[in-house]
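Produce the entire structure from the sequences given, and follow the hints as far as they go.
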Amino acid sequence: MEAWVISNIVTSLLLVSSVLVVLAVRRSRMWSEAMGSLWKRRPIAIGVVAFYLAIGILDSIYWVGGINAGEDVVSAHEAKSVIDRLFADSRERSYSAPLADVEFYGSAPLENPGWHLMGTDLIGRDVVYLAMKGVRVALLIGGLTSLIAIPLSLLFGISAGYFGGRVDDVVFFVMSTLASMPTLLLLIALIMAMGRSTVSICIALAVTSWVGFCRLVRGETLKLREQDYVQAARALGVSELQIILRHILPNLAHLVIITFVLTFSGLVLSEAVLAWLGVGVDGSWGQMIDQARSELSRDPVVWWNIAAAGLSLFGLLLAVNMVGDAIRDILDPRTLRESP
Amino acid sequence: MMRVAQWVSSGAGVVRCVAVFACAAFALSCSNSPYPDRDDDVKILYSVYGEAPKTLDPAVSYNVSSSRIISAICETLLEYHYLKRPYELIPGLAAAIPEPVERADGTVAYPFALREGAMYQDDPAFELGEVGRKTRPVVTADYLFALKRLADPAVNSPVAHIFSKIVGLHAFGERLVERRKEPSFAALPLHEQYEAVGPVEGLVAQGDYAFEVVIDAPYPQMLYWFAMPFTTAVPWEAIAYYDGNEGRPRFADHPVGAGPFRMTHYDKQFRIVLERNPNWYGAMYPEWKAPGAVYPAEGEPADLEKGITSDALAGRQLPFLDRVEFRREKESIPVFNKFLQGYYDKSGINKESFDKVMDGNQLSEDMAAMGIQLDRVVDLAIYYIAFNQADETLGAPAGERGKKLRQAMSLAIDAEEYIELFHNGRGIPAQSVLPPGLFGYDADYRNAYREPDLARARALLEEAGYPEGVDSETGSPLKLRFDTYATNSAQLIPIRYLVDSWRKLGLDVEVESTTYNKFQEKVFNKAHQIFQWGWVADYPDPENFLFLLSSGMAGPGGPNSSNYRNPEYDALFDAMKARPNDEVRAETIREMLSLLEEERVWIELLYRESFVLFHDWISHYKPPGFEFSTLKYQDIDAQARAEWRRENNKPVLWPAYVLLAISIAVIVPGIVTLIRERQ
Chain A
1 MEAWVISNIV
11 TSLLLVSSVL
21 VVLAVRRSRM
31 WSEAMGSLWK
41 RRPIAIGVVA
51 FYLAIGILDS
61 IYWVGGINAG
71 EDVVSAHEAK
81 SVIDRLFADS
91 RERSYSAPLA
101 DVEFYGSAPL
111 ENPGWHLMGT
121 DLIGRDVVYL
131 AMKGVRVALL
141 IGGLTSLIAI
151 PLSLLFGISA
161 GYFGGRVDDV
171 VFFVMSTLAS
181 MPTLLLLIAL
191 IMAMGRSTVS
201 ICIALAVTSW
211 VGFCRLVRGE
221 TLKLREQDYV
231 QAARALGVSE
241 LQIILRHILP
251 NLAHLVIITF
261 VLTFSGLVLS
271 EAVLAWLGVG
281 VDGSWGQMID
291 QARSELSRDP
301 VVWWNIAAAG
311 LSLFGLLLAV
321 NMVGDAIRDI
331 LDPRTLRESP
Chain B
1 MMRVAQWVSS
11 GAGVVRCVAV
21 FACAAFALSC
31 SNSPYPDRDD
41 DVKILYSVYG
51 EAPKTLDPAV
61 SYNVSSSRII
71 SAICETLLEY
81 HYLKRPYELI
91 PGLAAAIPEP
101 VERADGTVAY
111 PFALREGAMY
121 QDDPAFELGE
131 VGRKTRPVVT
141 ADYLFALKRL
151 ADPAVNSPVA
161 HIFSKIVGLH
171 AFGERLVERR
181 KEPSFAALPL
191 HEQYEAVGPV
201 EGLVAQGDYA
211 FEVVIDAPYP
221 QMLYWFAMPF
231 TTAVPWEAIA
241 YYDGNEGRPR
251 FADHPVGAGP
261 FRMTHYDKQF
271 RIVLERNPNW
281 YGAMYPEWKA
291 PGAVYPAEGE
301 PADLEKGITS
311 DALAGRQLPF
321 LDRVEFRREK
331 ESIPVFNKFL
341 QGYYDKSGIN
351 KESFDKVMDG
361 NQLSEDMAAM
371 GIQLDRVVDL
381 AIYYIAFNQA
391 DETLGAPAGE
401 RGKKLRQAMS
411 LAIDAEEYIE
421 LFHNGRGIPA
431 QSVLPPGLFG
441 YDADYRNAYR
451 EPDLARARAL
461 LEEAGYPEGV
471 DSETGSPLKL
481 RFDTYATNSA
491 QLIPIRYLVD
501 SWRKLGLDVE
511 VESTTYNKFQ
521 EKVFNKAHQI
531 FQWGWVADYP
541 DPENFLFLLS
551 SGMAGPGGPN
561 SSNYRNPEYD
571 ALFDAMKARP
581 NDEVRAETIR
591 EMLSLLEEER
601 VWIELLYRES
611 FVLFHDWISH
621 YKPPGFEFST
631 LKYQDIDAQA
641 RAEWRRENNK
651 PVLWPAYVLL
661 AISIAVIVPG
671 IVTLIRERQ
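Protein chains in written order, with my numbering: chain A, 1 to 340; chain B, 1 to 679.
Hints may contain errors.
Pairwise CB distance ranges (calculated) [claimed, not checked]: (1) GLY114(A) with SER33(B): 48 to 56 Å; (2) PRO651(B) with PRO182(A): 39 to 47 Å; (3) ALA448(B) with ALA88(A): 28 to 36 Å; (4) VAL199(A) with GLY558(B): 34 to 42 Å; (5) SER33(B) with VAL82(A): 57 to 65 Å; (6) PRO182(A) with PRO291(B): 54 to 62 Å; (7) PRO182(A) with PRO137(B): 56 to 64 Å; (8) PRO467(B) with LEU249(A): 57 to 65 Å; (9) GLY244(B) with PRO98(A): 55 to 63 Å; (10) SER239(A) with GLY475(B): 57 to 65 Å; (11) THR183(A) with VAL612(B): 40 to 48 Å; (12) ARG38(B) with PRO109(A): 52 to 60 Å.
Hint data in this document are derived by calculation from the structure and do not stem from the laboratory.
Since we're looking at a predicted model, the values are computed, not measured.
All C-beta atoms in this analysis are idealised placements derived from N, C-alpha and C, irrespective of residue type, glycine included.
What follows is the structure, given as structure tokens:
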């Protein structure tokens with residue numbers, strides 16, 4: 001199956017499941033209250049995150065044909081996303097400054113004068129378009145990596161914390177081994193070994209980032225297994241699996257959400273570092289910054305490429321972090337008691 | 001802490017403290033000179049290198065930055081005329097350019113006569129031959145020793161295959177390997193090993209100052225190899241002495257030669273210093289007026305205007321410089337800044353500063369006002385996109401279809417725009433394999449497939465059976481692959497541009513970027529499809545470019561990485577190779593180029609143009625279009641430079657004073673409080 005079909009399927013599955021989640025949240029009093037107070041605390045940050053999500057989704061829905069191909073004949077029979085279609089005919093020849101009418105070097109008139117909000121790059125691509133294409137990549141890196149790392153940490157963390165003994169020893173040994181390796185070197189080695197694709201970079205990031213959360217889950221499970229209700233369940237002869245699913249996992253839910261939000265931004269940032277080292281994902285903001293590195297020392301300076309990528313990265317990370325902090329304040333029992 | 005407090009608590013201490021700060025600020029801002037020594041009266045040329053040289057062994061080194069240094073230290077038998085274009089050979093340590101003698105058995109002999117009395121630089125290594133000896137004459141045996149080293153597998157010379165044309169030299173290498181299996185033999189010094197293995201038929205000594213090199217078949221380009229450091233004389237003492245033991249450096253880090261300069265300081269990560277060699281034949285025997293030892297009288301007509309040739313200069317004794325300092329700079333921006341401050345004498349123009357330095361086709365007014373001058377030279381090099389001819393879709397197996405496809409792809413690439421976008425316009429759109437400056441280059445020649453013409457390209461694509469990039473036989477879009485080892489995203493942008501140009505035709509070319517090793521593996525296995533490559537001349541002869549497409553060079557690891565095999569081309573190539581530069585040769589080259597024009601094995605992209613900036617205290621500097629040493633011909637006016645540096649590096653003192661004022665403003669109240677609290 002072609003990649004764009006998979007992208008469409010995954011996107012629709014995500015949309016459906018998020019509708020289901022919203023419905024579930026509405027049914028549960030605790031969660032709907034929590035979400036309500038989250039919205040009250042951080043309306044702007046949530047709006048920004050939603051905006052990024054919308055762009056990411058619009059860039060994940062593909063279909064073939066119906067495009068004004070212009071000069072690019074190949075795109076007529078290629079799958080293009082909504083964002084691609086919006087910018088289909090925006091190609092210029094070379095650099096142009098934001099909202100300019102003419103090229104940056106020389107003064108040949110542009111094809112779309114005054115249209116490029118953040119100018120165009122060396123080979124005339126619209127910078128806003130490139131920055132928007134980066135959104136999907138960032139969400140993919142953050143999301144996919146978390147989807148790999150969090151179940152991994154839950155599995156190992158809970159089994160280590162709940163069963164203890166040998167299992168704990170093994171898990172802890174693996175964790176210490178990974179934690180004692182220099183993260184960046186391990187990342188690069190993994191990417192080199194698996195090849196440079198989005199999925200392999202996500203796997204590499206997941207391998208290096210699950211340890212911290214796993215340790216947290218293990219500690220929390222150690223605490224939970226001594227709780228009265230767990231002891232009671234055990235005395236009544238409930239199976240281990242049942243106990244984990246019914247008593248341990250739900251009590252870790254708030255941790256999962258908080259960690260997801262906070263590691264998300266860390267991962268997007270890690271990718272930017274990797275791109276700078278030449279092993280990033282194609283089309284990411286990190287790569288845009290890497291490409292634009294020498295443009296800052298041009299005279300006159302070409303600043304819009306790096307500014308657009310930097311601002312997009314900054315905007316997403318700031319909003320996500322603010323939402324994450326608010327979620328922690330709301331869900332974490334320790335802060336819950338202190339907050340008014 | 002206590003001591004400081006006591007010291008400042010007295011009134012005198014405060015004054016002293018301020019005085020120290022003032023002195024420090026003044027001293028810091030007084031000079032930005034990176035050189036500790038005074039150089040107002042010494043003619044020192046300051047130059048830069050990026051990569052630390054891996055080796056300075058003349059038999060091994062094959063890269064630009066180290067060959068620049070080696071060719072100043074080691075005198076070659078022949079060398080290039082400094083000013084004449086097209087490039088011309090003149091005798092160096094050879095008394096004359098040898099006339100090749102064709103023999104009845106098909107071999108060709110080159111009789112070399114050496115200048116009698118030429119000496120090596122002073123070096124402790126020569127004590128090995130005779131106690132107390134500092135130098136000795138350059139003799140035949142040194143050349144034969146050096147040529148044998150090229151065939152020695154242990155030396156691992158990159159040009160061994162070229163010199164295996166010398167009769168018996170390859171067999172010599174094999175005998176050597178065989179004998180080295182005996183440990184007692186392998187322990188002998190190198191020159192004794194060579195002697196024991198026996199003579200090479202193609203290297204005939206004729207006394208101390210003459211010898212003959214015999215090659216197995218006519219190869220007129222052979223002479224150019226005697227203008228390269230590979231064939232310079234190597235004294236056996238230097239090899240035996242500089243073995244890396246007992247604190248002595250290896251020979252690769254300490255070349256010993258008979259050139260105009262000698263190396264006096266070698267700290268390869270930071271600084272390399274060459275100084276005038278008093279033993280150089282030009283300095284010892286000025287009365288010889290050898291062509292390589294005096295400034296040339298003739299040049300190109302334009303040289304007269306620029307003052308590069310004049311009656312006053314002609315015949316003056318070389319070298320002019322006392323010392324050459326190479327400093328390592330890892331980044332290009334500091335080099336340019338130091339050049340602007342007068343601390344480097346020459347500089348290229350980096351991409352970022354280009355628009356500041358240049359105003360259209362000329363130097364900007366700011367630069368001209370600083371007395372900076374510009375010279376440009378088209379490099380003897382070509383950059384091209386190539387198709388693997390072994391490929392099923394694009395290459396020879398696809399026959400006429402593949403050829404039309406290649407022609408269409410060639411018509412889609414706008415070299416002029418490419419040069420403008422990625423090289424700041426520094427280059428000439430290439431029309432053929434041969435860059436300007438070579439015999440056979442025709443400035444009026446226009447390649448029918450190298451002017452962008454999308455309409456014609458589309459028509460050709462349709463003829464090839466791929467209308468709009470869709471295979472009319474299968475109905476599926478054609479997918480092609482551009483193989484590259486560029487992984488850095490900034491390097492991938494030019495490739496993106498090329499790919500986008502082909503998209504205009506409907507051709508979907510995917511960029512596959514891998515590590516260099518993987519890329520080489522693909523080329524080795526002929527699994528590559530489209531790739532980008534360049535070739536820089538070894539010597540100024542069209543053969544050095546046209547051989548890249550001859551089938552003799554095809555095959556795993558060979559330089560014909562596009563695997564082009566065409567008997568017709570090969571026949572023309574063989575005919576061209578052995579001809580002197582006459583009309584017949586020109587006609588053969590024309591035929592070859594028109595063959596390539598139709599075949600489109602390559603899309604010739606550009607001839608790069610180097611822009612060299614230099615300060616006006618450098619006189620009669622003419623940049624060469626390929627790598628040969630010009631250091632001995634350059635001259636600088638050290639006093640003018642010192643003057644200029646003082647003029648243009650006046651310290652800007654106000655920030656220091658502001659800083660001083662701020663620190664006083666911060667410190668004095670603190671001290672006052674301290675004193676008050678103590679009381």
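Structure-based check of each hint:
no., hint, in the structure
1, GLY114(A) with SER33(B): 48 to 56 Å, "holds (50 Å)"
2, PRO651(B) with PRO182(A): 39 to 47 Å, "holds (44 Å)"
3, ALA448(B) with ALA88(A): 28 to 36 Å, "holds (33 Å)"
4, VAL199(A) with GLY558(B): 34 to 42 Å, "holds (38 Å)"
5, SER33(B) with VAL82(A): 57 to 65 Å, "holds (60 Å)"
6, PRO182(A) with PRO291(B): 54 to 62 Å, "holds (60 Å)"
7, PRO182(A) with PRO137(B): 56 to 64 Å, "holds (58 Å)"
8, PRO467(B) with LEU249(A): 57 to 65 Å, "holds (59 Å)"
9, GLY244(B) with PRO98(A): 55 to 63 Å, "holds (59 Å)"
10, SER239(A) with GLY475(B): 57 to 65 Å, "holds (59 Å)"
11, THR183(A) with VAL612(B): 40 to 48 Å, "holds (45 Å)"
12, ARG38(B) with PRO109(A): 52 to 60 Å, "holds (56 Å)"
Going down the numbered hints, you'll see the structure goes against none, and every one checks out.
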